[in-house]
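Colleague: Sequence:
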Amino acid sequence: MNCITRKGSLLSSMTAILLALTACASPGGTPAPAAPAEKSTAAPAPAREKTVYVGIVNAPVTLNQINDAGDSASDNVLALINDSLLDLNEKFEFQPKLAESVETKDNQTFTVKINKSAKWNDGQPFTTADVAFTLKTALHPKVDTNFKLNFIEGLNAAGKLDEGKTEISGLKIVDDKTFEVRTKTPVDPLIFKERFGTKVFFLPQHILKDVAPEQVAAHPYFQKPEVTIGAFKIAAFQKGQHAEVVKNPNYYREPAKLDKIFIKVLPAANLVAQLQTGEIHMNSVPVGLIPITEYEKVKALPHIELTSGNPSVPPELFFNVQKVPDVKVRQAVAYALNRQLIVDQLLKGQGEVIDGGIPSYHPYYNKDITKYAYNPEKAKALLKEANWDGSRPLTFLIPVGNKIREQAADILVQNLEAVGIKVQVQKFDFATLIAKVGKGEFDLTIFTRDFYIEPSSYFTMFKSDNANNDLKYSNPKVDELINRGETESDPAKRRAIYNELQAILHEDVPSLAVYSEKRLLAVSKQVIEGRPRDIGMFNNVSQWDLKP
Numbered sequence: 038m039n040c041i042t043r044k045g046s047l048l049s050s051m052t053a054i055l056l057a058l059t060a061c062a063s064p065g066g067t068p069a070p071a072a073p074a075e076k077s078t079a080a081p082a083p084a085r086e087k088t089v090y091v092g093i094v095n096a097p098v099t100l101n102q103i104n105d106a107g108d109s110a111s112d113n114v115l116a117l118i119n120d121s122l123l124d125l126n127e128k129f130e131f132q133p134k135l136a137e138s139v140e141t142k143d144n145q146t147f148t149v150k151i152n153k154s155a156k157w158n159d160g161q162p163f164t165t166a167d168v169a170f171t172l173k174t175a176l177h178p179k180v181d182t183n184f185k186l187n188f189i190e191g192l193n194a195a196g197k198l199d200e201g202k203t204e205i206s207g208l209k210i211v212d213d214k215t216f217e218v219r220t221k222t223p224v225d226p227l228i229f230k231e232r233f234g235t236k237v238f239f240l241p242q243h244i245l246k247d248v249a250p251e252q253v254a255a256h257p258y259f260q261k262p263e264v265t266i267g268a269f270k271i272a273a274f275q276k277g278q279h280a281e282v283v284k285n286p287n288y289y290r291e292p293a294k295l296d297k298i299f300i301k302v303l304p305a306a307n308l309v310a311q312l313q314t315g316e317i318h319m320n321s322v323p324v325g326l327i328p329i330t331e332y333e334k335v336k337a338l339p340h341i342e343l344t345s346g347n348p349s350v351p352p353e354l355f356f357n358v359q360k361v362p363d364v365k366v367r368q369a370v371a372y373a374l375n376r377q378l379i380v381d382q383l384l385k386g387q388g389e390v391i392d393g394g395i396p397s398y399h400p401y402y403n404k405d406i407t408k409y410a411y412n413p414e415k416a417k418a419l420l421k422e423a424n425w426d427g428s429r430p431l432t433f434l435i436p437v438g439n440k441i442r443e444q445a446a447d448i449l450v451q452n453l454e455a456v457g458i459k460v461q462v463q464k465f466d467f468a469t470l471i472a473k474v475g476k477g478e479f480d481l482t483i484f485t486r487d488f489y490i491e492p493s494s495y496f497t498m499f500k501s502d503n504a505n506n507d508l509k510y511s512n513p514k515v516d517e518l519i520n521r522g523e524t525e526s527d528p529a530k531r532r533a534i535y536n537e538l539q540a541i542l543h544e545d546v547p548s549l550a551v552y553s554e555k556r557l558l559a560v561s562k563q564v565i566e567g568r569p570r571d572i573g574m575f576n577n578v579s580q581w582d583l584k585p
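The sequence shown maps to residues 38 to 585 in my numbering.
Do not take every clue at face value.
Said to hold, decoys possible - Restricting the straight-line Cα-Cα distance to at most 25 Å, the calculated cross-link-like pairs of lysine to aspartate or glutamate (DMTMM-like) are:
#	residue 1	residue 2
1	K459	E544
2	K509	D545
3	K87	E263
4	K197	E251
If you're looking for bench data, these hints aren't it; they were derived computationally from the structure.
All values reported here derive from a predicted model rather than from experimental measurement.
Start from the sequences and build out the full structure, keeping to the hints where you can.
Modeller: This is the structure in structure tokens:
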């Protein structure tokens, strides 16, 4: 308000006002005291939640900690809400997580000490009772599990308890925080550390102890496991659309810096678009691959950091060997495929051709194998030798979501038809495809497996007595080598075993790699910590953070 004085008749009537305003009549005077402000009743603005959005194209199908159904997308969510005993990083190093230490003196008895502070997100302590409960439940003959623990004493060749047995002889509980696992024979510690240390998630005994094993998979807990032991806990899960996890304030390590992580399922075409708009902060591999054709576009985004990973675990063609029993036909398929064209055109040279499922930078990759070259005439000759019926189509199941893989499959179909093999293509979401593969409703399919540092994990699916051998492949020599590889503790001897095993599988062709690409890894520069990685993406997820 300006200070104003007037002469004349208004002076007397304004006296009271002028007296009140005297303080501002001259510069440098003492200012009039301000009227007291009314006390605000509005609540202070809440601090902005820190949420990282991760984009994937294959939808998670389950939250079952003991049976991920072989689904890498589900593993993205499971790894956020569950800790394993150990983590594996990109340097192939095992790091403590739930376990403080894993030690062995003879490569047969492994002593595990659990982190003394470990607890479930409801505050209950995590103890060896939970370890024993999880193993006895998951390895019960009527329970489905993805655990591959057949090397443990007391379990059968399928890695399960025999009918009627309830105790695992190879498991010894020492105290609340210490347990021992004894293997059937001495094994390379890699087997124990990866297949037990990094691949086993645990169940809370205090929540599920009264559930019969044969009913456990149907329990509501497995639709929304609210009591878990990771840096985050489940908030929402909409199959085929998204998963949302929120910070676990009871985490036994330093609590997460983020409030939420949102796993967003997108059509492949939208992945790059939402990186561009900032609707997602990063992609995830192998279930959120950025097509190499989008490299220049993503590289040009000023707010995105883009790198390339190592040549990855390849998409593989898998035969139903019962329906395609002649090895000459399977070899003909291998010769018929112009895989280098896929690398050159679809991957823009950012990849390589290999034949087996182990990527070329893996320490157990057999580099001496001569790859199947593109040779359509050789393919035709082998088909003629096999008396192949050209009128019979091969049913080829293809999962949708990964556009490069779908486009590659289109090229493979053209290659096969060019040498006289008719192909009936059927496309499904991954969950439906895996269900059909499990029922044997295919001749040929294509999908990508996970990365393993432990080489035996690449070969268990080829064992004739493995319940998960959906290829129906059987070779006694392969069975023998797989068994020897799992039980050999000398690294040099193991390498020789796996070299021979890869050579036989290369000759028999129950499966064939299509290409090994250098995956594009994109992350917003708004993210301080956290990024897509080929191995161990969520190892340090509690340290992920965003700029203010």
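Colleague: So, for every hint listed, does it hold in this structure?
Modeller: Right, here's what the structure says about each hint:
Straight-line distance between C-alpha atoms of K459 and E544 comes to about 23 Å, which keeps the hinted pair within the 25 Å bound. Note on K509 and D545: the hinted pairing holds, with a Cα-Cα distance of about 13 Å set against a maximum of 25 Å. A hinted pair counts as satisfied when its Cα atoms are at most 25 Å apart, and K87 with E263 qualifies at roughly 21 Å. Taking the CA atoms of K197 and E251, the gap is about 14 Å. The hint holds against a cut of 25 Å.
The structure shown violates none of the earlier numbered hints.
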